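Protein chains in written order, with the numbering used here: chain A, 1 to 469; chain B, 1 to 327.
For the record, the hints were derived by calculation from the structure and aren't laboratory data.
Worth double-checking, as some hints may not be accurate.
Stated by the list, open to error - Dumping the calculated PhoX-like pairs for lysine-lysine here, alpha-carbon to alpha-carbon at most 20 Å:
#, chain 1, residue 1, chain 2, residue 2
1, A, Lys58, A, Lys24
2, B, Lys323, B, Lys253
3, B, Lys253, A, Lys206
4, B, Lys252, A, Lys206
5, A, Lys324, A, Lys374
As the list claims (entries may be wrong) - If you anchor each label on the Cβ, the simulated ranges turn out as follows:
#, chain 1, residue 1, chain 2, residue 2, range
6, A, Gln181, B, Glu183, 42 to 48 Å
7, A, Val270, B, Arg322, 37 to 43 Å
8, A, Lys25, B, Arg322, 48 to 54 Å
9, A, Gln416, B, Ala303, 56 to 62 Å
The structure displayed is predicted, hence computed values, not measured ones.
Beta carbons are placed, not taken as given, at the ideal position from N, Cα and C, and that holds for glycine.
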Amino acid sequence: MSVTIELPHVGESVVEGTIGKWLKKPGDKVKRYEPLVEIITDKVTMEVPSPVEGSLVKLLAEEGETLPMGAPIAEVATADSPEGAEPETASVEIETAESAPAAAPESPGTAGYLLRDVTPVGPTGGAAVELAEPTGAPAKPPARRAPAAAPAPVATTPAAAVAQPPSGQTRLSPAVRRLAQEHSIDVSRIPGTGLGGRITRDDVLKFIESGAAQAPAVSSPAATAPTRQLAGDTTANGDETHVPVSPIRRIIADAMVRSVTEIPHAWTTVEVDVTGLVALRASIRTEYEQNQGGSLTYLPFVIKAVVEALREFPTMNATWGGDKITLKNRINLGLAVAAPDGLIVPVLHNADQFSIAGLAAGAINLAERARTKKLTLDDVQGGTFTLNNTGALGSYVSGPIINYPQAGILTTETIQKRAVVIDDAIAIRSMMNLCLSFDHRINDGAEASGFISAVKNKLQKMAPGTSIY
Amino acid sequence: MAVKSLIEAIREAITEEMVRDSKVFVMGEDVGIRGGVFLATQGLSEQFGADRIIDAPLAEASIMGIALGAAFRGMRPIPEVQFSDFVWPSVNQLIGEAARTCYGTNGALPVPMVIRMPYGGGIRGGLFHSQNVETHFFHTPGLKVIAPGTPYDAKGLLKSAIRDNNPVVFLEHKKTYRLVRGEVPDEEYTLPIGKADIKRVGSNVTVVSYGLTLHYCLEAAEDLAAQGVDVEVVDLRTLTPLDTETILDSVKKTGKLAIVHEDNITGGVGAEVAAVAVEQAFEYLDAPVMRICGPDVPTMPFAQTLEDAYMPSPEKIADGLRKLAAY
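Chain A on its own, in the form it takes in the complex (with noise of 0.2 Å):
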């Protein structure tokens, strides 16, 4: 019997998802629960396993594809049943965690398509935790899709590829659509020059003067070895190389353009002296890594003494609400990481709860996961406060784009000794700044720098003798 795999139902709010990498390819034995089929959701990138024992008939979805949820994807023959039967549906199961069944509903019912996602995985300032690996080693090539191997979707199907934006995110205008269609262009190839990246009538009129629609996309990876390729190829153009936008670039972008369209940022910053916690870890690094395991960065102390300063100001851990501002009562921390794929936000679920060790733990153990794209959605979900830590590519200050719809993110910046004065004397100190964007709708600038300065004081206080557990 021949069984349709159906792209999985992953979450409330999540609508759709594209096709990674497929992990078999049509003729493969596939066992219940193997990987069959990587995806890709504005969540996060999950590996979906074949939910019966076969051999793969036929993918019915190609990579780089952005469908619906409960869209059919390929086709495995199951052994107990003999071919050319009529398919049946299976419906497969995902865990959220490792611990909890799916917290999907069962049912296909589409009311996900109704919803759009009120908490997209905000990325912050563009960087990385301290935690995440050195954004500065080379880029590893799209190891998951060999450019060449893949015909362009725009050969294969090109009238799939006009119906289907790049990502369901992409809105049309009715011009670009109807041009698109009588050229048949895969719109997704077409750099936009409009507002927030829109693709205007004149950005397609240019690309098919330029001829490109026509020809097939020119792939020339060793040219640019685009780091972030997912889908489409590249297309080299005179003086131009377009490198298409992989759908996690594309949900960056957009939570980036939602951020900053929608809420008034404003910006503060203070000086901290670190002195006393620059000593502290240096008093207990050796005997907890050797104890713990794992490194003890700064991290988990600022992330304690930021959830204690969110404690005392709950309009910093709130969000916008038009008639009403909702104060959350869990402290959820958002952990910007630089992931290979792009920047990803991991939360520390109740991150008050932990002690400084607690969070150590509890923040390796997200970035390692974030690295190795082992989040579940639950893990990048319901984020309260985003905290970035720029300083660990060598940023002094900035100005991060809040985690949309929070009321705040926090950076901390490079500690480096500076001459100070106490007291009428120098002193050498060691330094580092703290920045703030916050959502000017709800907090004016005596909140958000009494809770900056919270932030300050509760890290000045930290010394040796500070207790870590």
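Keeping the supplied structure of chain A fixed, place chain B upon it in accordance with the hints.
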């Protein structure tokens, strides 16, 4: 060609048509000995006599009713409403009767009359001397509505209106009377009613307007040209019948449409133009349709600051068009 003001062009059109056709006569408040409050009929009383340039009492319902009756009897009256703000007592004669009679009598009683009305603000005229009334007549089938913006268009269209067998509301923006000057041919000419005119050819954005704001649009377009935005300015000239063909051709060309008028935004001419574009050129639109219009307040404010806030200006229009171009 001589350069003339808009009011001179109006006066010429009336004079020429009165010379050409003895059925044409003018009636209104102060039109005779005074020559009209804006001097549109200056000198006509001496030329044509008090029988054809008739000073009327301050009674708009009577002016409109007498003109209507005369039109029924084959005359070609040009009633003048001194300020369009004063038209309301005569609306029954105009909308209730004039607009409907030809249709109601199956063509037996055509109503060949032209109702001239100075309209519009931006002149510190306050509540009762600045109103925009066009939407009420624009909404009424059976009336033709003309709102020229240049002396050339005003003369050519007024002559056509006087020769037309339908009631024509002829709107003259007060601020354009002497502000706007332009070339007017010495020889006889008329212009077709119902044809819009492209006053400036452009490729990036279409802006549709008429009357005074047409000139503001042209000014804004020049401003934007310096910034690399090429604006096409469509002058409706005639509001009814609306020249949808010219509008649609332009929208299809540029993909972006803005409508500018001084009248209140809601349910105005701009709303209709927007609807036409969305209905008939949807697949060509590359941006939401934009309206830059007077706000929905009951009438033109008197205070300078408030009048400025009400009125579309070249700056406000340039601002809007710039956003539309960047969309």
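Do the hints match the structure? See the list:
1. Lys58(A) / Lys24(A): 10 Å, holds
2. Lys323(B) / Lys253(B): Satisfied, since the Cα-Cα distance of roughly 18 Å is no more than 20 Å.
3. Lys253(B) / Lys206(A): 15 Å, holds
4. Lys252(B) / Lys206(A): This hinted pair holds, its Cα atoms lying about 17 Å apart.
5. Lys324(A) / Lys374(A): 36 Å, violated
6. Gln181(A) / Glu183(B): 42 to 48 Å: 46 Å, holds
7. Val270(A) / Arg322(B): 37 to 43 Å: 39 Å, holds
8. Lys25(A) / Arg322(B): 48 to 54 Å: 52 Å, holds
9. Gln416(A) / Ala303(B): 56 to 62 Å: 59 Å, holds
In summary, the structure is inconsistent with hint 5 from the numbered list given earlier, while agreeing with all the others.
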